[in-house]
Each structure stands twice: as C-alpha cells, then as structure tokens.
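Using the sequences and the accompanying hints, generate a full structural model.
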Amino acid sequence: MKINKNKIIEKITEGALFISASLSIFVTIGIIIVLLFETIEFFKEVPLIKFFTEKQWTPLFEDKHFGILPLLNATILTSLISMIVAISFGLTIAVFISEYIKPEKRMILKPIMEILAVVPTVVYGYFALLFVTPLLQKIFPDISTFNALSPGIVMGFMIIPIIATMSDDAMQAVPKWLREGGYALGANKFQVTTGVVIPSALSGIMASFILGVSRAVGETMIVTIAAGQMPNFTFNVLEPMETITAYIVQVSLGDTPAGTLEFKTIFAAGMTLFVLTFVLNIISYFLKSKYRERYR
Amino acid sequence: MKEKKLIYKIRDNFFPVAGLFATIISLGVLFVLIIDVFKDGYLRLNWQFLTSYPSRIPEKAGILSAWVGTLWIMVLTAFLIFPIGVASGIYLEEYAKPGKIKDFLEINISNLAGVPSIIYGLLGLQIFVYSFKMDRSILAGALTLSLVVLPIVIVATRESLKAVPISLREASFALGANKLQTVIFQVLPSAFSGILSGVILAMSRAIGETAPLITIGALTYIAFLPTGPFTTEFPFITFKGLRDFFTVLPIQVFNWVSRPQKGFHANAAAGIIILLIISLFINFLAIYLRIKFEKYMRRK
Chain A
100 MKINKNKIIE
110 KITEGALFIS
120 ASLSIFVTIG
130 IIIVLLFETI
140 EFFKEVPLIK
150 FFTEKQWTPL
160 FEDKHFGILP
170 LLNATILTSL
180 ISMIVAISFG
190 LTIAVFISEY
200 IKPEKRMILK
210 PIMEILAVVP
220 TVVYGYFALL
230 FVTPLLQKIF
240 PDISTFNALS
250 PGIVMGFMII
260 PIIATMSDDA
270 MQAVPKWLRE
280 GGYALGANKF
290 QVTTGVVIPS
300 ALSGIMASFI
310 LGVSRAVGET
320 MIVTIAAGQM
330 PNFTFNVLEP
340 METITAYIVQ
350 VSLGDTPAGT
360 LEFKTIFAAG
370 MTLFVLTFVL
380 NIISYFLKSK
390 YRERYR
Chain G
2 MKEKKLIYKI
12 RDNFFPVAGL
22 FATIISLGVL
32 FVLIIDVFKD
42 GYLRLNWQFL
52 TSYPSRIPEK
62 AGILSAWVGT
72 LWIMVLTAFL
82 IFPIGVASGI
92 YLEEYAKPGK
102 IKDFLEINIS
112 NLAGVPSIIY
122 GLLGLQIFVY
132 SFKMDRSILA
142 GALTLSLVVL
152 PIVIVATRES
162 LKAVPISLRE
172 ASFALGANKL
182 QTVIFQVLPS
192 AFSGILSGVI
202 LAMSRAIGET
212 APLITIGALT
222 YIAFLPTGPF
232 TTEFPFITFK
242 GLRDFFTVLP
252 IQVFNWVSRP
262 QKGFHANAAA
272 GIIILLIISL
282 FINFLAIYLR
292 IKFEKYMRRK
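The listed protein sequences correspond, in order, to chains A and G. Just add 99 to wherever you are in the first sequence, counting from 1, and you've got our numbering. Just add 1 to wherever you are in the second sequence, counting from 1, and you've got our numbering.
Worth flagging that the hints you see were computed from the coordinates, not collected in a lab. Each statement offered as a hint is correct.
A short list of chain G residues far from chain A (calculated; beta carbon distances all over 12 angstroms): (1) Leu46; (2) Trp48; (3) Lys61.
DSS-like cross-link-like pairs, simulated, lysine-lysine; straight-line CA separation at most 30 angstroms: (4) Lys275/A <-> Lys389/A; (5) Lys204/A <-> Lys293/G; (6) Lys180/G <-> Lys104/A; (7) Lys180/G <-> Lys98/G; (8) Lys106/A <-> Lys101/G; (9) Lys180/G <-> Lys293/G; (10) Lys275/A <-> Lys10/G.
Predicted model only: the values in this text are computed from it and were never measured. Using N, Cα and C, we set each Cβ at its ideal position, and we do this for glycine too.
Shown next as structure tokens:
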C-alpha cells in the first residue's frame with residue numbers, strides 16, 4: 100500500500116511540474132492570439148497592400164496613412180548601425196578572450212563585459228541623447244538632436260556582450276584536438292584561429308549575430324529617447340526617425356481608447372515586430388543546436 | 002622577404018592588439034557613461050529627492066512614488082517567478098523524456114527569451130489590463146514583468162540542475178530514495194545557489210525594464226503611494242495595494258529625460274544613479290552566487 104501512495108504523490112508532482120512548464124506554451128499562444136486578433140481587425144480597415152507599400156505613417160494625424168515602411172526602415176537602419184559596432188567589437192573580443200588570454204583572466208573579464216548588458220536601457224537612452232549626440236555634433240554639425248546614428252552606436256555597445264559571450268562559448272566548444280591538428284600541420288596561432296577555430300564555431304557565431312539583430316530590432320527605450328518620434332522615410336541616419344518599438348511607446352503614452360483604429364495600429368506594428376524577431380530567434384536556435392550536436 | 006615578415010608580424014599580433022583595444026573601448030564606454038551620469042546628477046542626490054513626489058518644478062521633484070513602485074513590483078515579481086520558473090526547470094531537466102514534447106518546450110522557451118519585451122507589454126495590456134480587468138495596477142505590472150523574465154529563471158534552473166553530478170542521484174537511488182525524494186533532498190539543495198543566482202539575475206533585468214510597463218499604461222506622473230501592505234487591524238496585512246496605480250524608477254527617469262528643461266535632466270541623472278546602484282548591486286550578487294556555486298560543484 101505504501102508504495103502506491105508514493106507513486107501517486109510522484110505522479111501528482113510530475114503533473115504539477117508539467118503544468119508549470121507548459122505555461123510557457125500558453126504565453127506564446129497568448130501573444131499570437133492577442134496580436135493576431137487586433138491585427139485582423141486592423142486589416143479590415145486598412146488594406147494589406149497599403150500597409151506594406153505606402154511611404155507614410157500618420158495614424159495619429161487628420162490625414163491618415165498606414166504605411167509601415169518608415170517605421171520598418173528606422174528599425175532596420177538603427178539595427179544595422181548597432182550591428183556594425185556590436186559585430187566588429189564583439190567578435191574581436193570573443194576571439195581575444197577565447198584564444199589569447201588565460202582562462203583565469205577570461206573568468207574575470209566575461210562577467211565584467213556582461214555589465215554592459217545589465218545597464219538598464221533608459222540609462223543608455225539618456226547617454227545617447229545627452230552625451231553621444233552632442234559629441235557627434237562636433238563631427239557632423241548638421242546632425243539633429245534626435246537621429247538614428249547615436250542610438251544605433253549606443254545600442255551596439257549594449258549588444259557587444261551577447262555576441263562576445265555567445266561566440267566565446269561556441270569557440271570554447273571547438274575540441275582541443277582540432278586546434279592541435281592545425282598546429283601539427285605547421286600553422287601558427289593566427290592561422291589556427293582564423294582557419295580552424297572560427298570556421299568550426301561558425302554556426303555558433305552566426306547564431307550570436309542573429310540573436311544580436313533580434314535584440315536590436317526589439318530594443319525600445321534607447322531608440323525612443325534618442326531617435327525621436329517622427330516617422331520619417333529617409334536613409335539619412337543624421338535625421339530623426341521613429342522605429343516600430345518607439346511608435347508603440349508613443350501611442351501607449353497617450354490616452355488611446357481600446358477599440359479605436361489608432362489602438363489597433365500598435366498591434367499591427369507589434370505583429371510585424373514579433374514575426375521579424377520570431378524568424379530570427381528560430382534561425383539562431385537551430386544554428387546553436389547545430390554546433391552543440393557536432394561537438395558533443 | 003622583409004616586407005612579408007612585417008606582414009606576418011602585424012597579422013600575428015592582430016587579435017591580441019585589436020582584442021585588447023576592443024575590450025578597453027567597451028569598458029571605457031561603460032566608465033564614461035557612469036562618470037557622465039554621476040557628474041550630471043550627484044548634486045540632486047539628497048534626502049529630499051528620495052522623499053518627494055514628482056513635481057512641475059525640477060528642484061522640488063523626487064522619486065518617492067517611483068522607488069516605492071519599483072520595490073512593490075520587484076517583491077511581487079520575485080514571488081511569481083520563483084515557483085513557476087524553478088518548477089518548469091525541474092520538469093524539463095529531471096522529468097521530461099527526450100522526444101517531441103520536450104523539444105517543443107525547449108524551442109518555445111528559447112523563443113520566448115528572445116521576444117522583445119514590448120510585445121509582452123501588448124500581451125499584458127490585452128490580457129491583464131483589459132480581459133482580467135486589473136486596470137493599470139501593480140498586479141498587472143508584476144504579472145507582465147514576470148512573463149518577460151521567466152525564461153531567464155527557467156534556463157538558469159536547468160543549467161544548475163545539469164551541473165549536479167549523476168553520481169549524487171545514483172547514490173540517493175541506491176539508498177532507496179525515489180525520484181521525488183532524490184530531487185527534493187539531494188539535487189535541489191546542491192543546485193540551490195545556482196538557481197538563486199538565476200532568480201536574482203532575472204530581478205536585475207526586471208528592475209530596468211521600462212517598455213512593457215509603459216505599454217500596459219503605467220502612468221508617468223504619480224503623486225501618491227500604493228496602500229501599504231501592513232495594517233494595525235487583524236489580519237495585519239492587506240493586498241489592497243496590488244490594485245493601485247503605480248510608476249517605477251525607469252519610467253520616472255524616461256519621463257524626465259523626455260523633457261527639454263535642463264533641471265529635469267539632472268533629476269533623470271540622479272534617478273539613474275539610484276537605478277544603476279540597485280541593478281549593479283543585484284547583478285554582482287548574482288555573479289557572486291554563481292561563482293560560489295561553480296566552486297562548490299567542482300569540489301563534488
């Protein structure tokens with residue numbers, strides 16, 4: 100009898116644990132339903148073609164236009180700038196801490212680097228608007244107070260730790276014998292690093308890049324504070340522009356009643372953002388599991 | 002020949018030099034940021050700043066409602082994420098059998114970790130604020146933030162459980178313990194500091210989150226405090242405060258940064274100093290626990 104009682108308790112616990120774990124699935128379903136519901140409502144009033152082809156985004160004005168392109172353009176431009184900073188710095192740092200310094204120093208340096216990712220994003224926003232932009236004004240005198248360049252650069256520094264730590268992990272996973280094989284063939288350290296380690300860790304490194312892009316695309320406060328809240332379809336990064344995330348914040352700050360078309364626009368914008376990051380996250384996940392499997 | 006040698010020399014020194022350079026620049030930016038914020042804000046740091054409500058006059062404004070709101074949200078979030086996150090981690094690491102369901106759960110959690118936090122704000126707005134009629138309350142805010150940081154706790158729990166050696170489990174089974182007993186009495190205590198480190202890391206992330214709370218409609222101007230949790234009458238504790246409107250430190254900072262007046266920028270900087278001190282302290286605590294955990298595991 101006693102064994103049975105234990106078995107029942109065991110089953111109940113397992114069930115409870117399973118329910119907790121499946122909560123995450125409900126969250127995903129919740130996100131999709133919430134976004135989809137309002138987005139469908141939105142597209143009942145605004146044709147899909149206009150959404151993707153019109154070059155104006157003015158849902159809050161008299162003369163309403165619903166072209167996502169200016170927002171999308173701003174999101175892509177700021178992300179691009181940040182990735183140039185984050186990849187060049189992040190990958191160099193990853194190679195440096197993985198291949199060139201002692202493990203003890205690596206153990207200290209990694210957590211310190213991660214402080215960059217801990218700083219709250221409003222703080223970076225403050226820094227971009229009130230320190231970096233005035234600094235850039237000395238180089239580009241015609242830069243606006245709000246622009247895409249400054250938040251892009253600052254966002255890049257925020258993403259450095261993601262790329263540096265994930266790429267470092269990927270390079271650490273490359274087995275020692277592969278490196279030794281390289282040395283045995285007469286290659287030096289630089290050749291082994293660029294010819295053996297980086298190519299072997301490439302899927303992990305790519306995964307870190309893509310995760311970095313996904314983070315940049317979804318980043319909100321830095322761009323809201325420092326890039327401005329003016330939907331502006333331009334490729335000039337010295338001008339103010341509004342990202343998808345900044346638009347959602349702009350509407351949320353105002354008193355937009357639920358059910359209005361303005362209210363639905365933030366869900367349509369959110370859906371665009373979600374689809375974008377979802378695709379990036381999934382690609383990153385599979386690239387990461389690829390290198391994990393290879394060197395298990 | 003000589004030229005080639007020089008090229009080789011430059012090439013071989015590329016990563017040590019560039020790596021050091023990149024590291025120094027990144028940490029330099031962090032350093033400059035801290036100095037800049039401190040220089041802008043330290044004059045506003047005083048008792049009056051901590052004990053005043055926001056105001057139209059920069060010199061009279063303070064962060065009382067903001068830090069109280071942050072405290073409420075943090076405590077509540079910790080209570081929500083700890084049980085659910087740890088339970089999910091235990092299920093995935095100890096109970097789930099390899100197969101499609103486990104793969105699906107894993108992909109799902111890894112994706113949730115990458116969903117922009119502002120999307121969680123939209124979710125919270127529709128589900129908690131409107132469907133569950135919680136309005137823009139502390140409870141709605143804490144629930145939303147819990148969802149944002151839950152993946153961090155789950156991942157950290159799994160990593161910590163994974164680090165517990167199989168031999169410990171086998172020894173427990175050999176002594177006649179069943180799975181549940183092994184998990185509760187052997188595995189969890191060994192992994193505890195690692196799990197705690199993950200929860201604290203999640204808190205340090207939650208404390209700086211602004212976007213999801215703005216999206217659910219947290220107000221930027223709050224000149225009152227939520228109903229306190231303690232009362233003089235039986236049962237001495239009340240949850241009325243959960244229903245109150247709130248603001249948090251990062252939102253207050255955002256509000257001040259967005260204003261054109263210099264005086265408010267100084268306030269924002271002072272708010273940032275407080276915010277940075279709290280989030281860096283919490284983060285260091287998490288790192289300390291993680292290092293302690295790793296050392297403890299190596300001894301096993």
